[in-house]
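K.L.:
Residue 711, in my numbering, is where the sequence shown stops; the numbers in between run on with no holes.
These are calculated hints, taken from the structure and not from any lab test. Hints should not be assumed to be uniformly reliable.
Calculated pairs, SDA-like style, for lysine to any residue (alpha carbon to alpha carbon, straight line, at most 20 Å) [said to hold, decoys possible]:
id, residue 1, residue 2
1, Lys668, His613
2, Lys524, Pro535
3, Lys472, Lys668
4, Lys683, Ala665
5, Lys657, Lys668
6, Lys524, Glu511
7, Lys472, Ile494
8, Lys609, Val701
9, Lys472, Ala495
10, Lys472, Lys683
11, Lys634, Pro678
12, Lys634, Val701
13, Lys609, Gln669
14, Lys634, Gly555
15, Lys609, Gln709
16, Lys609, Gly555
17, Lys668, Leu656
18, Lys634, Glu594
19, Lys524, Gln583
20, Lys657, Pro558
21, Lys657, Gln583
22, Lys657, Pro678
23, Lys470, Ser690
24, Lys509, Ser521
25, Lys509, Gln709
26, Lys509, His520
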Amino acid sequence: MDLKLKNRRALVLASSDGLGKAVAAELIAEGANVIISSRNIEKLEITATEIGVHSFIKCDLSDASSIEPLIVEAAEALGGLDILVTNAGGPPAGTFADLTDQQWYDAFQTLFMSVTQSIRAARPIMAEQQWGRIVMITSVAGKESVHNLTLSNSLRAGLHGLMNTLSKELGAEGITVNAVLPTYTETERLKQLKVDRAALTKQIPAGRLGQPEELAKLVTYLCSDMAGFISGQAVGFDGGSMQSV
Numbered sequence: 467m468d469l470k471l472k473n474r475r476a477l478v479l480a481s482s483d484g485l486g487k488a489v490a491a492e493l494i495a496e497g498a499n500v501i502i503s504s505r506n507i508e509k510l511e512i513t514a515t516e517i518g519v520h521s522f523i524k525c526d527l528s529d530a531s532s533i534e535p536l537i538v539e540a541a542e543a544l545g546g547l548d549i550l551v552t553n554a555g556g557p558p559a560g561t562f563a564d565l566t567d568q569q570w571y572d573a574f575q576t577l578f579m580s581v582t583q584s585i586r587a588a589r590p591i592m593a594e595q596q597w598g599r600i601v602m603i604t605s606v607a608g609k610e611s612v613h614n615l616t617l618s619n620s621l622r623a624g625l626h627g628l629m630n631t632l633s634k635e636l637g638a639e640g641i642t643v644n645a646v647l648p649t650y651t652e653t654e655r656l657k658q659l660k661v662d663r664a665a666l667t668k669q670i671p672a673g674r675l676g677q678p679e680e681l682a683k684l685v686t687y688l689c690s691d692m693a694g695f696i697s698g699q700a701v702g703f704d705g706g707s708m709q710s711v
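Produce the entire structure from the sequences given, and follow the hints as far as they go.
P.N.:
See the structure below:
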């Protein structure tokens, strides 16, 4: 299927590895010109060589002052911006009682405000051309809380509210806004959580964990012309594990 993404200009946040890297690689495979970003310049250099990106930009999503310059620099390098995929590494695990105020503030910037700030900067560019695709990579935790992931449960739910609001506010400007909600997927983040993989697999009706490349194909479709009438949707990537309707 030709998704008609040839020469579309895309920026993928937090994309030196994991889900972001997989999305960037899939967009490139469909012909898009892609810029990746991360706070780790060494990983960016390696990933850029591996997947053949247009270029890369160092950016720390925990630093509010770095978000708008990232969008501006990416748009200048690409000659515009058609696609923005927001993404961020998961916050520290912990129960409500475990977490400090500073951990809440830090996670709020990295998970929530980085998305707000990047969309705010990208919107005028997309609105002027009357075409834009914004896809947030969030988590099933934003729809059904996961034990010991209090920060992720809370802040990703907020992102879904933002996504739905923006789909209504930006629709007349030719911009769609959607979210993809992955469950446990084969990434470094999964290793960091030190979870029981066998137990997790039993929770997923599909009988296995998700693969980054599968999620990337879903995100890429939502970035295409063919998804022009899909907006305001929180799309589960969960192997049937979510119980909510």
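K.L.:
Going back to the hint list, which numbers does this structure go against?
P.N.:
3, 4, 11, 14, 21 and 25
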